[in-house]
Amino acid sequence: MKLVTAVIKPHKWEDVREALETFGVAGMTVSEVSGYGRQKGHTEVYRGAEYDIALVPKIRIEIVVDDADSDDVVGIIVKTAQTGRIGDGKVWVSPVDTVVRVRTGEQDASAL
Amino acid sequence: MDGYYAFMLVATAFVLMMTVPALALFYGGMSRSKSVLNMMMMSYVAAAIVGILYVAVGWSMGFGGDGTFFANPFELLWLDGVSTGDYIFVMFQMTFAIITAALISGAVADRMKFSAWVLFVPLWAVIVYFPMAHMVFSCTDDSLICGRIGAQDYAGGTAVHINAGVAALVLVLLLGKRIGWPREQMRPHNLTLTMLGAGLLWMGWYGFNVGSIVFGDDPETQFPLETGRTFATTTLATMAAILGWLAVERLIHKKATSLGAASGIVAGLVAITPATGAVNLSGAVAIGAIAGAVCAWAVGLKYKLGYDDSLDVVGVHLVGGIIGTVLIGVFSTSEGAGGVDGLIYGGGFGSLGDQALGVVVAVIYSGLLTAVIALAIKYTIGLRLDEEDEVNGIDLVAHGESAYDLHSGTSGGSSSVLAAATAPAPTKTEGASA
Numbered sequence: 001m002k003l004v005t006a007v008i009k010p011h012k013w014e015d016v017r018e019a020l021e022t023f024g025v026a027g028m029t030v031s032e033v034s035g036y037g038r039q040k041g042h043t044e045v046y047r048g049a050e051y052d053i054a055l056v057p058k059i060r061i062e063i064v065v066d067d068a069d070s071d072d073v074v075g076i077i078v079k080t081a082q083t084g085r086i087g088d089g090k091v092w093v094s095p096v097d098t099v100v101r102v103r104t105g106e107q108d109a110s111a112l
Numbered sequence: 001m002d003g004y005y006a007f008m009l010v011a012t013a014f015v016l017m018m019t020v021p022a023l024a025l026f027y028g029g030m031s032r033s034k035s036v037l038n039m040m041m042m043s044y045v046a047a048a049i050v051g052i053l054y055v056a057v058g059w060s061m062g063f064g065g066d067g068t069f070f071a072n073p074f075e076l077l078w079l080d081g082v083s084t085g086d087y088i089f090v091m092f093q094m095t096f097a098i099i100t101a102a103l104i105s106g107a108v109a110d111r112m113k114f115s116a117w118v119l120f121v122p123l124w125a126v127i128v129y130f131p132m133a134h135m136v137f138s139c140t141d142d143s144l145i146c147g148r149i150g151a152q153d154y155a156g157g158t159a160v161h162i163n164a165g166v167a168a169l170v171l172v173l174l175l176g177k178r179i180g181w182p183r184e185q186m187r188p189h190n191l192t193l194t195m196l197g198a199g200l201l202w203m204g205w206y207g208f209n210v211g212s213i214v215f216g217d218d219p220e221t222q223f224p225l226e227t228g229r230t231f232a233t234t235t236l237a238t239m240a241a242i243l244g245w246l247a248v249e250r251l252i253h254k255k256a257t258s259l260g261a262a263s264g265i266v267a268g269l270v271a272i273t274p275a276t277g278a279v280n281l282s283g284a285v286a287i288g289a290i291a292g293a294v295c296a297w298a299v300g301l302k303y304k305l306g307y308d309d310s311l312d313v314v315g316v317h318l319v320g321g322i323i324g325t326v327l328i329g330v331f332s333t334s335e336g337a338g339g340v341d342g343l344i345y346g347g348g349f350g351s352l353g354d355q356a357l358g359v360v361v362a363v364i365y366s367g368l369l370t371a372v373i374a375l376a377i378k379y380t381i382g383l384r385l386d387e388e389d390e391v392n393g394i395d396l397v398a399h400g401e402s403a404y405d406l407h408s409g410t411s412g413g414s415s416s417v418l419a420a421a422t423a424p425a426p427t428k429t430e431g432a433s434a
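Protein sequences appear in the order of chains A and B.
Position 74 (the first sequence) corresponds to 74 in my numbering; numbering is contiguous.
Position 52 (the second sequence) corresponds to 52 in my numbering; numbering is contiguous.
Just chain A, same shape as in the assembly (with noise of 0.2 Å):
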């Protein structure tokens, strides 16, 4: 199993929920959080003093799926996610050693 992170713009967020719910995936955690990359935050000017805001905020969506979903659904957030600007975010993979459901202590695949 794969745990796949992307950090994406938020107006993309309900775009990339719809396009990965139509794939298949059954569910996610999604959190907001505030970052930078190379894009560097923004200028905002109060009565004349100009600001420059590091943070910007970013959506963090966190899927489990079967290791031969993976690339889809990497293939499925950039696709969706991408404006072509500065800013688009990051997709990564990592390997999952174990997943347990709660509910009934299914593991694994048929626990996703």
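None of these hints come from the bench; they were simulated from the model.
Ideal Cβ placement from N, Cα and C applies to all residues, glycine included.
Be a bit skeptical, because a hint or two may be false.
Partial selection, computed: residues in chain B whose CB lies under 10 Å from chain A [unchecked claim]:
#1 LEU259
#2 TRP297
#3 TYR303
Straight-line alpha carbon distances no greater than 27 Å define the calculated BS3-like cross-link-like pairs of lysine-lysine that follow [unchecked claim]:
#4 B:LYS34 - A:LYS12
#5 B:LYS304 - B:LYS378
#6 B:LYS255 - A:LYS9
#7 A:LYS2 - A:LYS90
#8 A:LYS9 - A:LYS90
#9 B:LYS378 - B:LYS34
#10 A:LYS40 - B:LYS378
#11 A:LYS40 - A:LYS12
#12 A:LYS79 - A:LYS2
#13 B:LYS255 - A:LYS40
#14 A:LYS40 - A:LYS90
#15 B:LYS177 - B:LYS378
Pulled from the structure, derived: some chain B residues nowhere near chain A, Cβ distances all over 10 Å [to be verified]:
#16 PHE69
#17 MET195
#18 SER282
With chain A fixed as given, assemble chain B onto it according to the hints.
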């Protein structure tokens, strides 16, 4: 004069609204989320303290008789001998004293001990504001700014705005900068509050300016003629100041901002305050536009000169107050309340000189005596919060509260289970009574 009396009841309530809640909202939105409650509390507590003091000695010091600097504080002590039929005029002047003290609070955001503020406010009211109100508003022959110098000030450009602005400057110089200023980000935490506060200030200001009418020989004729003028000049100057501020912002910083519009409102209202009865419509537009544009530039001075006037009391009230007071000497017309022609109407430099002298006297009086009060507090109970408390936030330290609970009960955020971790522990009183 029944109509006038009813009008004063409304005007007085309007001016009180300028402090609670308008000024508190205007300043509160500009402060940081960890100190918004303290910022608002400084206005609310100033209203309570100054209001009672005003009845005790303020009215007597201001309007109890002759005097260069102030009248006899004991003549009308606790309104002894004042008819209840005149109470509304006491209440009206009281609301001016309240807002003047409260205006100062914007400069000391995040770092002035609440106890120091609670001590500063009554001392400042008695030693600085009540005398200044006598010098300006009680126009006896020997009162300094109105009587002796003859400077015009319809509703308080000197007594209120220059006075509060100078006091703010002196306080921040003695308090010092906030930790991290100007390197750290201290942007406003909620500009919708500030926009709301600015709008309410504008509304309340009609009570402030229009209510400041002083009658001559023919009140029935004077009342509509003069209140029409002051209502209209107050309105137009404010509108012009919004545009003036936004234009400068757009030129220098590329954006016309909501904070700029809110600030323009206040800058225009401040500048027209002394001049509202003296100028015509074009004069009001000119004063408003100049004040908006100059104040938009003046709020940047603190970065060049290095004083942390947190919410720009100096840049808006001192600078705007000086602009309005001095420009009376340029734009006043003989048809106005003062009956004097300014420079552009062929009145020469006489009025301009009187106005400038009035400003200088107000600056010196307020500056010197505010410094004495602030130094006395600094070397007794102290002006400034501990470093750790300042970083943690004065709301928590001084008031035991936080303005916003952003984490409990939100969908998708932390669950109510996590929020329960912050539920209050059983208090000691419960244990003691058991």
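Okay, which hints does this one fail, numbers in order? Numbers 4, 10, in rising order.
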